[in-house]
Structure formats: structure tokens, C-alpha cells
Amino acid sequence: MKVLAADFEKRTGVKVNLRSGDEAELANQILQEGSASPADVFYAENPPALSVLDEKGLLAPVAADTLKAVPASDSSANGDWVGVSARAAAFVATSGTPADTAPPASVLDLAKPEWKGRLGIAPSETDFAPVVTRVIHSAGADAAKAWLLGLKANAKVYNSNEDLSAAVNSGEVQGGVIDHYYWFRLRDEKGAGDTHSVLHYFTKGDPGALVDVSGAGILKSSKHQQAAQALLAYLDSTPAQQLIASSQSYEYPLVAGVQGRSGLVALGTVGTVADATQLGDGKQALQLLQDTGLLQ
Amino acid sequence: MRNPLPALGPAPLSRCRAVGVLPLLAFAVVAVLALPLVFVGMQAAQAGWAEAGRLFSRPLVGTLVWHTVELTAAVTSACVVIGFGAAYLLERTDLPGRRWWMVLLALPLAVPEFVRGYSWVSLFPAVHGYWGAVLVMTCSLYPLVFLPVAATLRGRHTAAEEVSRSLGHGPWFTMWRVTLPLCRPALTGGALLVSLYLLGEYGAFAMLRYTTFATAIYTEFQLGFDAASASLLALVLVGLALLLLGLDAATGRRGRIAVTGRAGNGSRLARLGRWRIAALAGLIGVVGISLGVPCYALGYWLIKGSSTTLPSASVFGATLTTLGYAFAAALVSTVAAVPVALYAWRRDTRLARAAERAAYVTRALPGIAVALSVVFFAIRYAQPLYQQPPLLVAGYVILYFPLALTAIRGALAQVPPGVEEVARSLGTRPTAVLLRVTLPLIRPGLGAALAMVALTASTELTATLLLRPTGTDTLATRFWAYTSGLAYGAAAPYAALMTAMSVPSVLLLTRRTLGADHRVETS
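Chains A and B, in that order, give the protein sequences. Taking the numbering used here, I'd label the letters of the first sequence as residues 1 to 296. Taking the numbering used here, I'd label the letters of the second sequence as residues 1 to 523.
These are computed hints drawn from the structure, not numbers from a lab. Treat each hint with caution, since some may be false.
Some chain A residues near chain B, calculated using beta-carbon distances under 10 Å [unchecked claim]:
no., residue
1, Asn17
2, Ala27
3, Ser160
4, Asp163
5, Glu172
6, Asp281
7, Ala285
Here the structure is a predicted model, which means the values were calculated and not measured. Quick reminder that beta carbons are idealized off the backbone N, C-alpha and C, glycines included.
Please take these sequences and the hints and turn them into a complete structure.
Right under this line is the structure:
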């Protein structure tokens, strides 16, 4: 984002003051600030953080041209925030273990007893709730609950996707559900020689074969509406998307014609974009996670 | 109990004035510190009964409260044992290399919390759950007990112990019945800091895969974006904090003994004899575990991480920023803690003690709640200051004030009662008494307060991310930015700097607690 902001400043002369933080903490901060917020644009890793601001009526509509730059399914239905980049949920497995040689076709399989003691999950990460939401929508709340109870019985719970990725790499658990880029980032950090894990994708159409977008919205209270719109338009322009595609973040660009980093499996083959309306603010998933005791 | 001295000469007038200003200052400080509690109360009131019913009927609520209580009890006890044991060995026995041990034993306070958590988890995956949490938290928190106790022992001569020995009591009996009661105010103060810290702690437990009540509060913030529900749950922590303060009230006050005089050449140290090896092994174990593990992990990342680069020029900026904020927070906390501690010490009334204790309650709230409360009040009532440097300092002060208060409280407990009255009865003005008599007497405590706040504030992350001026980077935020991208190699220099930077503070801290030279001897 730093690179993007610098490039935007160079192109437009508009100065960008960047505040980075945990997306949930920043969303909470903006909620407390309300209409007095000094923020102009909020750029979040996951739709629920944006949806919760939208529900409170804090977001202004995004310009139609910007929304048109990416597929309609990548932005909010009411046009209050726009998708910027994407990532795919995936299954990471320790090389050579049964989890690697016979990876699960569906995320639902992971609740089966044969995975007992071999699995890791990070349910407190904001990336996990969307998978749960998808399971609720495809299988129903009761089945989703049974599935979560199965996961609870099978899996070791990790604090973060980073910890989980490292645990699979070290063989502490055989496999786990993460976003694809954690594996690529860990590989960059560890080097190919110390990478002992492989990335698998769930079958397309499975609730686990989920593509989740990051998105940006404009605060209604912003005193720089025009510049904010310009920033969003820039984020979904070809040059910015190329910067995203070539960065160390390993995120997928959303604009047609911009290729993702080499080594990434084509986004269209790994899954479908999660419907932002369906994901909502993630409260139903949260409640189910709490009810089953995966989260407290 | 202190008896009011007969007022002579100009004393009555000046005393009246002092009585007026001091409580006013003390209550003003406590009112600011209580703002997060007001915020939590306001938010919780919005949640409504139905939500309260839903939250508290969840199956795990009882379990989580139990987890918090059981962990707090175990870690606090372990910290008391290690803290007292180490301080006793250093100050009351002929252990070799005492000066070095003092520094080494205080240093774990300087290891950033997230470095500690991560180093344990990455090096020893087996360390997790309840015992993992007990081990890691004890390793990081025992200095909060050790330092005040060591300062107390250093400040007091061994006369009482010598009397006990001369009466034919053995060294163990003397330690148990004489030394330990002498340390009671410092012990209970340190134990209070440790236990309150544990109530609101989240990050380290999350890494160790141990859930406490604070976990539930974070879930409501992080995934539910629900400050109301989170605050409702936080009220439980406030309740637990009040319980702990009640315990402290029941045990701490009885130990108000003012035996003074410095531990000079006349002090007799217990001879360790054949226990020397065991004592050394114990200390090596404590230091090795609590300091060795994080240092080893940092070294490992520096060498093995492929993202390790020589840190850019920005690292110097981040270091200066970190130092500036940490010391500003330390200074403000210490200055603010003086009237609160002084008021409770001078006027041993129920109200004064309540004010002093109230200053501790906020410490039990999770960091995110404190940071959001500062956001909430600042944007409404201090908009021009919002996300300006003073606000970040204020955030640190609210978070770490109890450390300063404990250090000063401990120092005041050693000042013989009546000293101020004697000075005043000689016609000295109250301000002059404060500046020339009281403050010099508690100088070691002031030094300890400064260093303890500066140390902890320099590694703070949650409030820093929310309250810092836009564009400001501290070492902790740089470290965070790299680790959230899994670039541990690139992050390691920042963590190493944070730890290295703390060494001067620790030296100052230990020198201050060692420095009993400016004590006034009374006989």
C-alpha cells in the first residue's frame, strides 16, 4: 500500500497520509470516531470490516466508473465500497504427508474423523469467518454447526494464519486452511530449501474454494471527497493493479488484463468470489463459532 | 498510625492550604485515569439486557473466568516466590556477582511482549496451554515483584534480622518471620501489578493457545466489531480487579513499618555455604529461561531470515520517536503519580486509599478498550489534539500509570512518619518540605517509576497503532508491519533494538534501586 500511495502521489500530486493497522482495530476506531473521523478512505483486507461501516451509514457511494473497472461481484452490491485485490482460501499440507498426497477435495471433509489430530485452523482470523459463512449458505446453519464441531474435535487452534502456516511447514500439524498468500510469503522468508509444505486448492464450487476480496470505501464525513474518489479510481487502474500483481504480497489483481504473479494458479480456476452481501458483517458466522466454542 | 503533631507557629495556615491542593490534584489524576472505565460503562449500557443474557449464557463463560482466575493465581504466586527469592539472595546473602545479577534479573522487563510470545512458540512448540502460559508469563512478569522487593531490602539495614539471629533463631526462621514481613508492602504492590496485568492480557495467551476471559472480549472487538458487547464482558474484569484490590487492602496495609537506615557496612549477610551452588543454579535457570529464549530467537531470525537487510535510515527515526514517547510518558506518569501516592500516604483515610486504588482498576482492561476509550473522548472533547503527540503520551500514561504509582508508593512506605510534620513545625513552607525533604527521600522510587514506565511504553503496540500521529513510526509499529508480512528476518533488527535500547533504562532502574546513598538516616 505504501508503494501504491507513493505512486498515486507522483501521478496526481495529492498527498496521501497513510495509517496502517489491524483492520478490525481500525474499523473499531472509525466506529468510535463516527462522523468526526479524520479518515477519508478505508482500505480493508476483508469485506466484513467495510460492511460494518456501511451498515452504520458511514460510507459514501463510490463513483460508477471505478465500480465498473472490476467485476460487479467484487464490490458491495450497493456500490459503497469497491474491490481492489483478491486472495483464495487454500489447503496447505506438510510435504509428503497423507494430507499432501491425498488432500481434501472439500473443506467439509475436514470435519471427518480421519482428520483427527492432523489439522490446524485459525478461527480468530478475519479470513476464517467468510469460509464459515459460505458453509452456512451452502449447507445450512445446522450442518455448518455440525461441521464446526467436527473441526473442533479434529483441529489444533492457532492464533493466526502466520502461526498456522509455520506449524504446517514444520510438520506440527499436517494441514490447515489458510489464504494462499501466506504460503508464498513464508516461502519467500524461509527460502525454497526450508519450505516443507505444499499448497492445494479445494475443488471449484466447494464452500472452501473461496475467493475473498480486499476493498476500499470512502468515508461520508471526508472533507476530500474528490481526492478520495481519485484514489479509489487509481487503485483499480491498470498501473496500480500491476503494482499489486508484482508485489511481495502475492495478492491477485482484479482488473481484467492484469496478470497475477508467476507461480500463482489462475484465480478463475481455484474458486468463485464470495458474494459480499452474503458475507455481510460476518455476525452469523461469529455467533456459530462462539456457540461451538471454537471462539470465545 | 500517625498522630497529628501539635501545630506551631505558621504551620496551621500552610497546612490547610496543602490539604486543599493535594486531594484536588490526586482526584483530578484519578478522574482522567478512570475515563476508560466510564467508556466501558457507557458502551456496556448500550448493549441491553437481551445481549447481556446471550453473552453470559454462553457455555464457556464460566470456564473462561476460571481460566483467568487460575492463571492469575498461579503466575502471581510464582512471581512472588521468584521475585522475593531472588531479591533475598541478592540483598541478604553473600552471593557472588550481586551487581550483575541485579541487571540480568531486571532485563526480562525489556523484552517486548510479542517477541517473547513468538520466540517461545517458534522454538518450543510444546510450550502452550495453561502451563505454557504460566511459564511464559512468570518469566516476563517476575521483575515487577523482584524490583520493588530488592529496593526495599536494599533500603533497610539488617538490624531486625540480626536481632532475630541473636535470639537464637535460624536463618530460615529469620527470613520467614522477619525479612518477609518487612517486604510486605513491596510484595503486595508487585503482586497487584502482575495480577491486574494478567486479567487484561490477550496477545501472549493467543499465541500460546490459552483462552482467558480477555479472549472473549477481543473476539467481540475483532470479529463482531461490537464495542457494546465487548464492554459488557469487560465489566467482569473490572469486578475481578476490584476483588484483587480488596485483597490487597486486606493484606498490604498491615505491613506499614518504617524501620529505616541504610544497609551499610554494618549489615550482616547470611552465609550461603553449601547452598551457594543451588542458589546460583536457580538464578542461572531464571535468567537463562526468561532472557535466553527471546535472545536466541532474535539471533536466529537475524541470521536465518532471508528478508534480513541492514535496516534503513528509518530505524534511527523510529528509535528516536520511541525514546521520545516512552520518556515523555514516563515523566508524565511519574509526576502524576506523586500527588496520588502522597495523598494516600499523608492522609491515611478511607477516601484517600480508595482514590489510590481506583487508579489501578483501569490496568485490568484489555489494551484495545483503553485505546478506543481515548479515541472516543479525544475526538469528542479534544478534537485539536486527536492523533497528535500529546494524545499518544496520554494513552501510555493511562496504560502504565500503576507502575509509577507502585514504585512511588513503595518508596513512601519507607519514609518515617512524622518527618514532614517535623520539618513543617520548624517553619518550613509545605512546598519547600515537598521539594527539600519528601521528594529527596523517595528519589529511588521516582527513578524506578520513570524507568519502569519508559521500559514498558517503549514496546507498546495496540494503543500506538490507533493513537499515533499519522506517519509516525515507533520500533514496535515497524516490527509489527514486518511480522504481519511474515518477514521475521526484516523485523528482527527492530525487536533487537527495542531490547538493546532498554538496557540503559534497566541500568538506571537497578542503579536507582541500588542507590540508597541519599537516604536520610534516622535513629
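Right, here's what the structure says about each hint:
Interface hint status for A/Asn17: upheld, as the beta-carbon distance to the closest one in chain B is roughly 4 Å, under 10 Å. Because the beta carbon of A/Ala27 sits about 6 Å from the nearest beta carbon in chain B, less than 10 Å, this interface hint is met. Taking 10 Å as the C-beta cut-off, the interface hint given for A/Ser160 holds, the closest approach to chain B being about 8 Å. Among the interface hints, the one on A/Asp163 holds; its C-beta lies about 7 Å from the nearest C-beta in chain B, closer than the 10 Å criterion.
Using the Cβ-Cβ criterion of 10 Å, the hint placing A/Glu172 at the interface with chain B is satisfied: the shortest such distance is roughly 5 Å. Below 10 Å, beta-carbon pairs count as interface contacts, and A/Asp281 has one with chain B at about 7 Å; its hint therefore holds. Among the interface hints, the one on A/Ala285 holds; its C-beta lies about 8 Å from the nearest C-beta in chain B, closer than the 10 Å criterion.
The earlier numbered hints are all upheld by this structure, with none contradicted.
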